[in-house]
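Chemist: Going line by line, the protein sequences match chains A and B. Sequential numbering of the first sequence, starting at 1, is according to UniProt numbering. Sequential numbering of the second sequence, starting at 1, is according to UniProt numbering.
Mixed in with the good hints there might be a few duds.
What the hints assert, rightly or not - For the chain B half of the interface with chain A, some residues (derived, Cβ under 10 angstroms), not all of them:
id, residue
1, Val-31
2, Arg-33
3, Asn-115
4, Ile-136
Simulated from the structure, these hints should not be mistaken for lab results. Every residue, glycine too, gets a C-beta built ideally from N, C-alpha and C.
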Amino acid sequence: MNNHVTEFISAYMDGELSEEEARHVEAHLQECQSCQEQLDDLLSIKAQMAAAYQSIDLPDGIAESVMTVIHQEEKERTRHHSLTKWAVFIPVVLAALFLLIQLTPGFYFGMSFASTLFNISLSIFHAVTVIISSLPYVLSMVVVIAGLIIAISIWSLRRLLETRTIFDD
Amino acid sequence: MDQELYQLIQKAKQGSQESFAELVNRYKGHVFRHAYAMVNDRMEAEDISQEAFVKAYYSLSKLKNEYAFVSWLTRIVSNLCYDHIEKSKKKTAIPTEDIIKDHSSPVEQLQIKLNIEEGLQKLTAEHRTVLILRDIQGFSYSEIAEILQIPLGTVKSRINTARQELKNELLRGEDHE
Numbered sequence: 001m002n003n004h005v006t007e008f009i010s011a012y013m014d015g016e017l018s019e020e021e022a023r024h025v026e027a028h029l030q031e032c033q034s035c036q037e038q039l040d041d042l043l044s045i046k047a048q049m050a051a052a053y054q055s056i057d058l059p060d061g062i063a064e065s066v067m068t069v070i071h072q073e074e075k076e077r078t079r080h081h082s083l084t085k086w087a088v089f090i091p092v093v094l095a096a097l098f099l100l101i102q103l104t105p106g107f108y109f110g111m112s113f114a115s116t117l118f119n120i121s122l123s124i125f126h127a128v129t130v131i132i133s134s135l136p137y138v139l140s141m142v143v144v145i146a147g148l149i150i151a152i153s154i155w156s157l158r159r160l161l162e163t164r165t166i167f168d169d
Numbered sequence: 001m002d003q004e005l006y007q008l009i010q011k012a013k014q015g016s017q018e019s020f021a022e023l024v025n026r027y028k029g030h031v032f033r034h035a036y037a038m039v040n041d042r043m044e045a046e047d048i049s050q051e052a053f054v055k056a057y058y059s060l061s062k063l064k065n066e067y068a069f070v071s072w073l074t075r076i077v078s079n080l081c082y083d084h085i086e087k088s089k090k091k092t093a094i095p096t097e098d099i100i101k102d103h104s105s106p107v108e109q110l111q112i113k114l115n116i117e118e119g120l121q122k123l124t125a126e127h128r129t130v131l132i133l134r135d136i137q138g139f140s141y142s143e144i145a146e147i148l149q150i151p152l153g154t155v156k157s158r159i160n161t162a163r164q165e166l167k168n169e170l171l172r173g174e175d176h177e
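Throw the hints in and build the complete structure from the sequences for me.
Modeler: Written out as structure tokens, the structure reads:
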């Protein structure tokens, strides 16, 4: 017999075919020994599957262990939540502290004085660098003058030492 | 779905641990059976079941339709099974300590069980899943399509192929005896 219904057998035995498809399969099964045997085999396997697993014993205490895990998790989450709640206050406390310091008169005066000094030093440094970079010979002149000063200093120091030696004698 | 179950799910959704514990008691068999049939190891199946319920508890607020609770829970356990299988990728031994309730001859039933379990473990995780959902859990094809988020046609062909493969595995097992 041609046109076996092998691919429809599972759906047929599960009642998942349309009426027309089911009628077609039934008509074929009445005439085809091989497809009928296939149907019997699959029906037997289906029954064995259900029987084997429906009879399995459940482990004790699944519900208890699930609820224990949930209780612990909830506790942990509550603790974490309260920590997070406190963490929100940290920036608020820091901001309050900063404001307090800012509003203290002595601190404010000290801070503005230091800031002015710093600004002046910065301006002087900036002016010096601008002068040095605009005049090409300034740097070499400074080096020569510095060298002269060092030489004169060494010469005077030696003279002084010699004078001390004369006094010692 | 009965009204009582609907209310239970609603209360659990609003944060009632008591109602959720009741849901766990109702569905622990459903969840454990699925996990056990997938991984074939009682301890691992127990871990997966616990993980599935804890995950369900924390994502229950995202469940839009209370009537879809069972499908939704099955999707959670199914995905966790895939994750565990991916992680372990190891062959599990057939546990011998499983106790089987008496329906017919214990020896005969043990034989069937071992054959089916062995055969089922030879299938791919996808084929195993559709057979479990259909033959053990009793979901319809459209429900399976919804749970696994695959087209209905794929469910149809996958179940047919999976049964055929399981049959081949069982026949192969008989040949070795």
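Chemist: Using the nearest Cβ pair, does Asn-115 of chain B come within less than 10 angstroms of chain A?
Modeler: 8 angstroms, holds
Chemist: Does Arg-33 of chain B meet its interface restraint, that is, does its C-beta lie within less than 10 angstroms of any C-beta in chain A?
Modeler: Status holds, d = 5 angstroms.
Chemist: Using the nearest Cβ pair, does Ile-136 of chain B come within less than 10 angstroms of chain A?
Modeler: 5 angstroms, holds
Chemist: Taking the closest Cβ pair, is Val-31 of chain B under 10 angstroms from chain A?
Modeler: With a minimum Cβ separation of about 8 angstroms from chain A (threshold 10 angstroms), the hint on Val-31 of chain B holds.
Checked against the numbered hints given earlier, the structure satisfies every one of them.
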